[in-house]
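A.B. asks: Here are the chains, one letter per residue:
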Amino acid sequence: QKEVEQDPGPLSVPEGAIVSLNCTYSNSAFQYFMWYRQYSRKGPELLMYTYSSGNKEDGRFTAQVDKSSKYISLFIRDSQPSDSATYLCAMSETTSGTYKYIFGTGTRLKVLA
Amino acid sequence: DAGITQSPRYKITETGRQVTLMCHQTWSHSYMFWYRQDLGHGLRLIYYSAAADITDKGEVPDGYVVSRSKTENFPLTLESATRSQTSVYFCASSESTLLAVTGELFFGEGSRLTVL
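Quick mapping for you: the protein sequence lines, in order, are chains A and B.
Counting from 1, position 100 in the first sequence corresponds to residue 100 in the working numbering; the numbering is continuous, with no gaps.
Counting from 1, position 114 in the second sequence corresponds to residue 114 in the working numbering; the numbering is continuous, with no gaps.
Since the hints were derived computationally from the structure, they do not count as laboratory data.
Backbone N, C-alpha and C define an ideal beta-carbon position, used for all residues, glycine too.
Incorrect hints may appear among the rest.
What the hints assert, rightly or not - Selected chain A positions facing chain B (Cβ under 10 angstroms, derived; list incomplete): (1) 2; (2) 4; (3) 8; (4) 34; (5) 36; (6) 45; (7) 46; (8) 71; (9) 88; (10) 92; (11) 101.
What the hints assert, rightly or not - For lysine to any residue, the following SDA-like pairs were computed, each having C-alpha atoms within a straight-line distance of at most 25 angstroms: (12) A/42 - B/78; (13) A/100 - B/40; (14) A/100 - B/11.
With the sequences and hints as input, model every part of the structure.
C.D. replies: This is the structure:
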């Protein structure tokens, strides 16, 4: 079983829709939760960063972490064609004494104009 | 320009050949990383480095060698390329703080390698 599971999609939605992207994980030691956005043939870029449980909002984007369920989400409101990209969740922890920063496989999102 | 640059962006080689992918960053970040990205596997860590002359294995290190003689450079060498090493390789760096392992990773644009 992978430590981080993410539905690969693809996910197609009409412009203006609310998008929900999700990841589940198995390692309860993860403390930091990130969402990266990756455009085609580009490197990933950090979109949202959350520590522990709770919500974080940044413009049209909201990141949600539920550590009790080992589940994280990214919501995109009023989605735009420019949001079309692959979204990767990532998680990290430092308690094990070694570097651990794990990515999900990514969800491809297409927002249709 | 400031940032992280990778070269070459595209490379085709043959099985058994040695290939070196270059990575250069201008931020003086302490941490640098090499990931490979494959369909169905996502980004997997190959090697990372906490500082010059300090490197450590990641999840998939076999068949790869790294070095870090200077803070700004972190080359990745495939000593004898195999077809299973056909992938997109990303170099990344992170700021040198106590929380460096949890902070933002800055990625290059990737090196697309095909091994025939």
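A.B. asks: Does the structure break any of the earlier hints, and which numbers would those be?
C.D. replies: Hints 8 and 14 not satisfied by this model.
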